[in-house]
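Q: Okay, here's what each chain looks like letter by letter:
Protein chains: 2
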Amino acid sequence: MTTNISIFDTTLRDGTQGEGISLSADDKLKIAQKLDALGVHYIEGGNPGSNSKDIEFFQRIKAFNLSAKITAFGSTRRKNSLAEQDASLVRIAESGVPAATLVGKSWDFHVHTALQTTLEENLSMIYDSVAFLKHNGMEALFDAEHFFDGYKNNPEYAIAVLKKAQEAGANWLVLCDTNGGTLPGEIHDIVTRVRQELIAPIGIHTHNDCELAVANSLAAIQAGARQVQGTINGYGERCGNANLCSIIPNLQIKMNYNVLPEDKLRTLTGTARYVSEIANVHMPVGQAYVGNAAFAHKGGIHVSAIMKDSKTYEHIKPELVGNKQRILVSELAGQSNIISKAQELGLDVNANNEKTKLIMDQIKELEHQGYQFEGADASLELLLREAFGGESKELFKVESFKMLVEKTNGQMISEAIVKINVDGQQVYTAAEGNGPVNALDNALRKALVQFYPKIENIHLSDYKVRVIDEKDATAAKVRVLIESTGLDNTWSTVGVSNNVIEASWEALVDSIRYALLNMVKIDSAHADPQDRIGLVNH
Amino acid sequence: MTTNISIFDTTLRDGTQGEGISLSADDKLKIAQKLDALGVHYIEGGNPGSNSKDIEFFQRIKAFNLSAKITAFGSTRRKNSLAEQDASLVRIAESGVPAATLVGKSWDFHVHTALQTTLEENLSMIYDSVAFLKHNGMEALFDAEHFFDGYKNNPEYAIAVLKKAQEAGANWLVLCDTNGGTLPGEIHDIVTRVRQELIAPIGIHTHNDCELAVANSLAAIQAGARQVQGTINGYGERCGNANLCSIIPNLQIKMNYNVLPEDKLRTLTGTARYVSEIANVHMPVGQAYVGNAAFAHKGGIHVSAIMKDSKTYEHIKPELVGNKQRILVSELAGQSNIISKAQELGLDVNANNEKTKLIMDQIKELEHQGYQFEGADASLELLLREAFGGESKELFKVESFKMLVEKTNGQMISEAIVKINVDGQQVYTAAEGNGPVNALDNALRKALVQFYPKIENIHLSDYKVRVIDEKDATAAKVRVLIESTGLDNTWSTVGVSNNVIEASWEALVDSIRYALLNMVKIDSAHADPQDRIGLVNH
Numbered sequence: 003m004t005t006n007i008s009i010f011d012t013t014l015r016d017g018t019q020g021e022g023i024s025l026s027a028d029d030k031l032k033i034a035q036k037l038d039a040l041g042v043h044y045i046e047g048g049n050p051g052s053n054s055k056d057i058e059f060f061q062r063i064k065a066f067n068l069s070a071k072i073t074a075f076g077s078t079r080r081k082n083s084l085a086e087q088d089a090s091l092v093r094i095a096e097s098g099v100p101a102a103t104l105v106g107k108s109w110d111f112h113v114h115t116a117l118q119t120t121l122e123e124n125l126s127m128i129y130d131s132v133a134f135l136k137h138n139g140m141e142a143l144f145d146a147e148h149f150f151d152g153y154k155n156n157p158e159y160a161i162a163v164l165k166k167a168q169e170a171g172a173n174w175l176v177l178c179d180t181n182g183g184t185l186p187g188e189i190h191d192i193v194t195r196v197r198q199e200l201i202a203p204i205g206i207h208t209h210n211d212c213e214l215a216v217a218n219s220l221a222a223i224q225a226g227a228r229q230v231q232g233t234i235n236g237y238g239e240r241c242g243n244a245n246l247c248s249i250i251p252n253l254q255i256k257m258n259y260n261v262l263p264e265d266k267l268r269t270l271t272g273t274a275r276y277v278s279e280i281a282n283v284h285m286p287v288g289q290a291y292v293g294n295a296a297f298a299h300k301g302g303i304h305v306s307a308i309m310k311d312s313k314t315y316e317h318i319k320p321e322l323v324g325n326k327q328r329i330l331v332s333e334l335a336g337q338s339n340i341i342s343k344a345q346e347l348g349l350d351v352n353a354n355n356e357k358t359k360l361i362m363d364q365i366k367e368l369e370h371q372g373y374q375f376e377g378a379d380a381s382l383e384l385l386l387r388e389a390f391g392g393e394s395k396e397l398f399k400v401e402s403f404k405m406l407v408e409k410t411n412g413q414m415i416s417e418a419i420v421k422i423n424v425d426g427q428q429v430y431t432a433a434e435g436n437g438p439v440n441a442l443d444n445a446l447r448k449a450l451v452q453f454y455p456k457i458e459n460i461h462l463s464d465y466k467v468r469v470i471d472e473k474d475a476t477a478a479k480v481r482v483l484i485e486s487t488g489l490d491n492t493w494s495t496v497g498v499s500n501n502v503i504e505a506s507w508e509a510l511v512d513s514i515r516y517a518l519l520n521m522v523k524i525d526s527a528h529a530d531p532q533d534r535i536g537l538v539n540h
Numbered sequence: 003m004t005t006n007i008s009i010f011d012t013t014l015r016d017g018t019q020g021e022g023i024s025l026s027a028d029d030k031l032k033i034a035q036k037l038d039a040l041g042v043h044y045i046e047g048g049n050p051g052s053n054s055k056d057i058e059f060f061q062r063i064k065a066f067n068l069s070a071k072i073t074a075f076g077s078t079r080r081k082n083s084l085a086e087q088d089a090s091l092v093r094i095a096e097s098g099v100p101a102a103t104l105v106g107k108s109w110d111f112h113v114h115t116a117l118q119t120t121l122e123e124n125l126s127m128i129y130d131s132v133a134f135l136k137h138n139g140m141e142a143l144f145d146a147e148h149f150f151d152g153y154k155n156n157p158e159y160a161i162a163v164l165k166k167a168q169e170a171g172a173n174w175l176v177l178c179d180t181n182g183g184t185l186p187g188e189i190h191d192i193v194t195r196v197r198q199e200l201i202a203p204i205g206i207h208t209h210n211d212c213e214l215a216v217a218n219s220l221a222a223i224q225a226g227a228r229q230v231q232g233t234i235n236g237y238g239e240r241c242g243n244a245n246l247c248s249i250i251p252n253l254q255i256k257m258n259y260n261v262l263p264e265d266k267l268r269t270l271t272g273t274a275r276y277v278s279e280i281a282n283v284h285m286p287v288g289q290a291y292v293g294n295a296a297f298a299h300k301g302g303i304h305v306s307a308i309m310k311d312s313k314t315y316e317h318i319k320p321e322l323v324g325n326k327q328r329i330l331v332s333e334l335a336g337q338s339n340i341i342s343k344a345q346e347l348g349l350d351v352n353a354n355n356e357k358t359k360l361i362m363d364q365i366k367e368l369e370h371q372g373y374q375f376e377g378a379d380a381s382l383e384l385l386l387r388e389a390f391g392g393e394s395k396e397l398f399k400v401e402s403f404k405m406l407v408e409k410t411n412g413q414m415i416s417e418a419i420v421k422i423n424v425d426g427q428q429v430y431t432a433a434e435g436n437g438p439v440n441a442l443d444n445a446l447r448k449a450l451v452q453f454y455p456k457i458e459n460i461h462l463s464d465y466k467v468r469v470i471d472e473k474d475a476t477a478a479k480v481r482v483l484i485e486s487t488g489l490d491n492t493w494s495t496v497g498v499s500n501n502v503i504e505a506s507w508e509a510l511v512d513s514i515r516y517a518l519l520n521m522v523k524i525d526s527a528h529a530d531p532q533d534r535i536g537l538v539n540h
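Chains as they are written, first to last, in our numbering: chain A, 3 to 540; chain B, 3 to 540.
FYI, nobody ran anything at the bench for these hints, they're computed from the structure. A portion of the hints provided could be inaccurate.
No copy labels: a pair is met if it fits in one copy or bridges any two.
[To be verified] Pairs of lysine-lysine residues, derived as DSBU-like cross-links and limited to a Cα-Cα distance of at most 35 Å, are as follows:
# : residue 1 : residue 2
1 : K409      : K366
2 : K326      : K466
3 : K154      : K165
4 : K456      : K36
5 : K310      : K81
6 : K36       : K81
No experiment lies behind these values; they were computed from the predicted model shown.
Given only the sequences and the hints, what does the whole structure look like? Please build it.
A: Structural data, given as structure tokens:
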């Protein structure tokens with residue numbers, strides 16, 4: 003029997019303290035579901051006492067019935083007051099979550115300087131606040147803020163703080179290296195000594211100010227802590243919180259603790275990338291375990307050795323965490339994906355085919371230009387169908403488009419003019435929108451609806467813009483990803499240009515082409531061939 | 003007397019194995035000078051046996067007479083051959099550098115699988131190659147590749163490898179965790195045991211595949227190693243090499259080793275940012291010690307505490323490594339962030355002021371609309387100056403703008419027309435660009451340059467777009483962040499709209515307003531008031 007470790011994710015709370023990270027209630031709900039699928043044990047949703055966005059999150063999350071425990075965050079009661087009259091604690095109790103984390107001071111210096119109260123009053127604040135949660139039937143986690151700095155300064159007081167929380171019924175005592183300045187050896191020694199004095203289980207919460215948050219978390223676990231608090235991709239204030247994407251595989255694969263089921267561990271890379279997309283934070287290519295270059299090989303000697311045995315330059319099998327090997331010089335990686343994707347579409351393709359090599363080269367060139375097909379399956383399918391399927395019949399042809407954005411007297415106007423051609427018939431039309439892309443979308447639909455009435459049922463459900471090379475400022479390339487919904491289906495397309503309007507247009511046109519192709523296929527399987535896809539002949 | 007630690011920088015060699023990192027000979031010469039100014043003890047320049055760029059570097063670097071030892075890199079001789087006939091070793095000896103690092107196998111599995119030779123021949127390869135360098139009067143560092151994996155698999159052989167290098171005269175035995183898969187405890191144990199068997203000084207060379215490279219380097223030093231090999235910002239293959247920017251301050255400030263003189267340590271942040279500029283790699287905002295957010299405070303409670311004493315939420319004084327404290331303004335922040343920001347700008351403000359409450363409400367409302375000021379200090383400064391400083395004199399007024407994007411016959415055209423007013427004088431002009439934002443930027447500058455010639459010196463250095471609420475697809479709001487550079491300064495501005503063109507325009511106008519305001523302030527401090535800011539009266 004291996005030891006279980008509890009994973010407490012605070013991406014939605016401490017993670018949002020990171021510079022440039024801001025999550026809406028919708029974003030938080032999406033991430034919470036992904037974290038639950040990963041199998042973390044606690045998801046800290048936010049602070050219901052501090053803002054309305056978090057209150058909305060706690061209300062809406064209940065409907066999802068997640069397996070993970072959703073927890074609220076707050077502080078111990080204000081000095082010289084009653085816990086049951088503390089508005090913030092009352093809101094936590096009312097938020098309906100089964101567990102809450104309360105942060106309290108354990109460094110005497112902070113009690114004097116930041117709280118400006120006595121050491122005794124701070125102990126009462128901790129006792130009363132934890133007891134209040136317990137009386138409300140909740141699980142209580144006590145985050146001992148600055149515990150290691152506090153212990154080094156005044157070990158008796160730091161231990162007294164923990165004992166007070168334990169006495170009030172705290173289910174977990176979480177030791178925080180709030181300023182991130184402690185070294186792994188110190189963490190190990192102090193956790194070891196704490197465990198001799200207390201019986202409640204110990205958690206660890208570290209920050210990365212010395213680039214040691216992962217090592218510090220492991221050191222605490224080795225000294226007997228049984229919960230790790232951290233965030234996906236290490237998001238958090240200053241240098242970030244401990245990165246769960248590194249801690250989880252280190253504990254499980256390297257140290258043989260029981261953290262997540264194997265099949266869930268394989269979703270780690272996908273989870274990390276999903277969260278970075280939602281948070282719209284660029285993920286460092288070399289991020290441990292889950293980065294795009296974490297198993298990428300560049301040097302010639304390394305590459306020839308890993309072709310003999312991947313163990314020569316890979317510390318684990320990348321598939322264990324859902325990542326994959328990449329060879330940067332001769333980009334063979336991906337070919338098998340392309341082939342299996344094409345076969346899935348029923349296209350005649352094999353690895354030795356001349357066409358396969360051509361399309362591989364084309365995709366490589368497009369990726370080099372900044373296209374990314376991992377998040378744009380429909381654009382990839384269009385490319386493959388064109389190369390292999392002979393299904394390239396153009397359902398419509400774009401002759402030109404024009405975009406006008408104007409601001410006069412504080413009034414914004416966006417107009418688009420498109421000229422398209424369907425089976426030799428030219429349509430020249432215009433539409434307005436509340437932004438340039440919206441106007442283009444409206445104009446394109448307006449031009450096509452007379453030929454393909456069913457495109458009324460399609461709508462754009464997501465729109466993302468990313469600057470690919472930020473160095474070139476406004477002349478930089480942008481990648482636009484568009485997600486569309488309709489036909490009981492959702493699909494994504496991509497466009498790239500140093501002109502955001504052109505990139506958006508490209509993704510829009512791909513999205514409509516994909517939808518029309520699939521309508522043709524569905525409708526030609528039955529019904530009157532003259533009226534297939536609702537096509538009205540003019 | 004504290005113990006000296008030798009710093010071996012391999013940014014120019016192992017660092018360039020990182021994905022997306024490529025340095026010309028000129029780049030390498032610039033970085034080498036910066037590293038020398040930082041005070042590192044060894045600078046590994048490259049592999050003179052592998053490419054002409056590195057040969058050029060070694061020839062040209064001599065003229066700079068650096069204090070650091072420049073070292074060349076290579077492998078042990080090929081199997082079944084003579085060291086003095088090995089072209090690569092001969093080129094190292096001829097490169098004129100005083101020291102060289104030779105990498106050799108210490109994992110028996112690698113000898114069999116990658117080298118495909120016998121364990122005995124590998125020992126001879128090591129002996130001969132090190133001895134060859136020593137006969138040529140060079141200092142020899144032996145990099146024992148995969149030492150920790152090798153030791154775990156066959157400790158006798160791994161030690162035999164080190165003994166062979168020592169016997170041949172190696173000055174340093176460097177233990178490499180090449181695959182980055184070893185844990186700090188293992189590193190500590192193995193280095194301790196190695197030291198009992200050998201007399202030559204030990205170095206440590208780690209990789210970051212478990213996000214433990216820094217901790218592993220420190221563990222080796224604690225076990226008696228006396229040299230650390232790493233790179234600036236942790237650049238390197240896969241997840242990178244050990245990051246010297248974290249290791250150096252950890253060793254010196256936290257562990258009291260003697261690494262660099264104090265005044266040189268204060269150049270660490272500047273060095274890290276310089277290297278990231280030359281390598282053209284975006285530096286993570288939260289990088290430990292040297293990142294832009296390493297001492298940035300966002301949470302309101304944190305900010306009010308650091309205003310009482312910065313030790314409350316800072317593990318060291320940022321000035322020790324040449325960094326500085328920053329206060330971020332965000333929805334999570336209380337009033338204290340705004341006040342300290344305004345005070346930093348020298349504005350007359352206090353917490354009880356009615357104006358302070360008004361501006362707080364205004365900022366909250368803007369943040370609710372999707373503005374984010376933590377990454378847009380200049381837009382925030384404009385708001386605060388307007389509220390408190392009476393410095394709201396409009397240097398120019400935008401009457402209207404118009405944007406035209408057109409695609410005909412595959413040709414994209416982006417044109418902007420702007421109408422502005424400076425001191426009652428109207429300017430109506432137009433410009434092209436390679437995208438809509440670029441065209442707007444060009445047109446705005448063209449209209450203003452006759453009044454403010456110095457805006458020629460400003461350029462946009464970064465452009466970011468983020469969709470705030472993706473649910474609304476193409477009708478969603480976007481936030482644009484623009485970074486501008488000039489006046490020996492860099493500043494950021496923000497614009498929000500559901501029209502990407504309008505959001506970009508807003509950030510552009512703020513950026514120029516900020517620049518002009520600061521020019522006025524600089525120029526009005528001296529010189530002829532009639533010609534301040536290079537203003538030509540028409």
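Q: One pair to classify: K154 and K165, alpha carbons no more than 35 Å apart. Within, between, both, or neither?
A: within (17 Å within a copy, 42 Å between copies)
Q: Have a look at K456 and K36 and pick one of within, between, both or neither, based on CA distance no larger than 35 Å.
A: within (31 Å within a copy, 51 Å between copies)
Q: Regarding K36 and K81, is the shortest C-alpha distance of 35 Å or less found within a copy, between copies, in both, or in neither?
A: Neither, since 38 Å and 52 Å both go past 35 Å.
Q: At most 35 Å between alpha carbons: which applies to K310 and K81, within, between, both or neither?
A: Between copies only: 18 Å across chains, 66 Å inside a chain, cut-off 35 Å.
Q: Please sort K326 with K466 into within, between, both or neither, judging by C-alpha distance up to 35 Å.
A: both (24 Å within a copy, 29 Å between copies)
Q: For the identical chains here, do K409 and K366 meet the 35 Å Cα criterion within one copy, between copies, both, or neither?
A: So K409 and K366 pass the 35 Å test across copies only (26 Å; inside, 41 Å).
The earlier numbered hint that this structure contradicts is number 6, and it is the only one.
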